[in-house]
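In this note's numbering, the protein residues as written are 1 to 50.
For the record, the hints were derived by calculation from the structure and aren't laboratory data.
The structure presented is a predicted model; accordingly, all values stated were derived computationally and were not measured.
Any given hint could turn out to be false.
Said to hold, decoys possible - Restraint ranges, calculated between C-beta atoms of paired labels, are given here: (1) E47 x A16: 30 to 40 Å; (2) A16 x A42: 36 to 46 Å; (3) M1 x P32: 33 to 43 Å; (4) T13 x E38: 22 to 32 Å; (5) A30 x M1: 39 to 49 Å.
The C-beta atom is built at its ideal place from N, Cα and C for all residues, glycine as well.
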Amino acid sequence: MMEHIAKNGAARTVAADAERLIRLSEELHAHPETAWEEHESARKVAEALD
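Go ahead and model the full structure; you've got the sequences and the hints to work with.
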């Protein structure tokens, strides 16, 4: 039962932020960085999580 509640909560959160998450994904995809050198990507994700 708790798993179902958690999944529904996660689904609502993702749905509410879908446009923002898609824009972030597109931005990261448009500007790839070399492995272990993802400084800009890390910064953008950290900003999105604030």
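Here is what the structure says about each hint:
Against the hinted window of 30 to 40 Å, the Cβ-Cβ separation of E47 and A16 comes to about 18 Å, which falls outside the hint. Take A16 and A42: their Cβ atoms lie about 24 Å apart, and the range 36 to 46 Å is violated. At roughly 42 Å, the beta-carbon separation of M1 and P32 lies within the given 33 to 43 Å, and the hint holds. At roughly 24 Å, the beta carbons of T13 and E38 sit within the given window of 22 to 32 Å.
Between A30 and M1, the C-beta spacing of about 42 Å keeps the proposed range 39 to 49 Å intact.
Against the hints set out earlier in the document, violations occur for numbers 1 and 2.
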